[in-house]
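Numbering follows numbering that gives the first Met the number 0, in which position 59 of the sequence shown is assigned residue number 58; successive positions increment by one, without gaps.
For the record, the hints were derived by calculation from the structure and aren't laboratory data. Only true hints are included.
So the derived label-pair ranges between C-beta atoms look like this:
{"no.": "1", "residue 1": "291", "residue 2": "223", "range": "21 to 29 Å"}
{"no.": "2", "residue 1": "258", "residue 2": "64", "range": "47 to 55 Å"}
{"no.": "3", "residue 1": "87", "residue 2": "260", "range": "27 to 35 Å"}
{"no.": "4", "residue 1": "60", "residue 2": "242", "range": "43 to 51 Å"}
{"no.": "5", "residue 1": "194", "residue 2": "132", "range": "47 to 55 Å"}
{"no.": "6", "residue 1": "194", "residue 2": "66", "range": "53 to 61 Å"}
{"no.": "7", "residue 1": "25", "residue 2": "154", "range": "37 to 45 Å"}
{"no.": "8", "residue 1": "261", "residue 2": "306", "range": "15 to 23 Å"}
{"no.": "9", "residue 1": "194", "residue 2": "56", "range": "49 to 57 Å"}
{"no.": "10", "residue 1": "246", "residue 2": "56", "range": "50 to 58 Å"}
{"no.": "11", "residue 1": "63", "residue 2": "251", "range": "45 to 53 Å"}
{"no.": "12", "residue 1": "66", "residue 2": "132", "range": "31 to 39 Å"}
Just so you know, these numbers come straight off a predicted model, no measurement behind them. We treat Cβ as the ideally placed atom computed from N, Cα and C, and that holds for glycine.
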Amino acid sequence: MHGLPLVTGATGFAGGHLVDRLTAGGRSVNALARAGGHARTERAGVRWFAVDLLDRAAVRAVLEEARPSVIYHCAGFADVHAASNAPAHALRLNVIGTHHLLESCRNAGLACRVVVTGSALIYRQRGEAISEEDDIAPANAYGVSKLAQEMTARTSGVPVLLARPFNHAGPRQTPAFATSAFAQQIARIERGLAEPVLRVGNLEARRDLTDVRDTVRAYEALAERGVPLRPYNVCSGQAYRMRDLLDLLLSLARVRVRIDVDPARLRPSDNPLVLGSHARLTAETGWRPEIPIERTMADVLEYWRAHEAPR
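Construct the entire structure; sequences and hints are all you get.
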């Protein structure tokens, strides 16, 4: 399947949704995932490659075989809090994995664009909307690894498109993330699998949240119309209070639950506000968020209701 898009991290959250988007309407895609990682769904139009991005020779071999038209690099270490406990591992996956991919592109003589999905956590915390011109100062190990990834991409000699996504949510996200954790707990309570107590962390934090399906649509827009080496925020431009998102989910719940603040879920350094501006992305590609937060939350809850259903 030469000349087709290639997605790394294709069984991950954003990567999986991107594969869905790219194969819509009968299109085809090459999909990379680690052997032994998340389950791969065999379906028409998707050619799977089991590749560890830390294996330089294997990465080169896949690119030589696939000769993709565009690469969406979604693979990497994605758990912000886990990165604090394993910073070296996060650096290896996000930096060395990216280096192997881009080095292999260059050595294989590929002229395709590469969208590198970084993170807004490279920015210095601030109390208003963040633009691409604002200060860089990551406050945690994950942000450091994503900044190093972006710097690696910038100096690779490959025409990379630099995405800086803010928080995104949607069906199939792991419960390591707040809205998915809320929805999973509600679904378990509805099934009688847990007591009617929903355990939460800081509900006053406000987060810029984009539906993952809008996020991957932004990646496609960048691949088509973005300017190489120019960073682009991918965000909704609206900060939602976690308590309000929880209330949305509770309004859809089929049972009454009690809210219990769990000290283990509180983050002492939690930034009270994370908000971005997508003005550059919108002006230069025409992308803008389309899916309302109400639909996102409803779809997350429906996903967990199906996932927690008896098998």
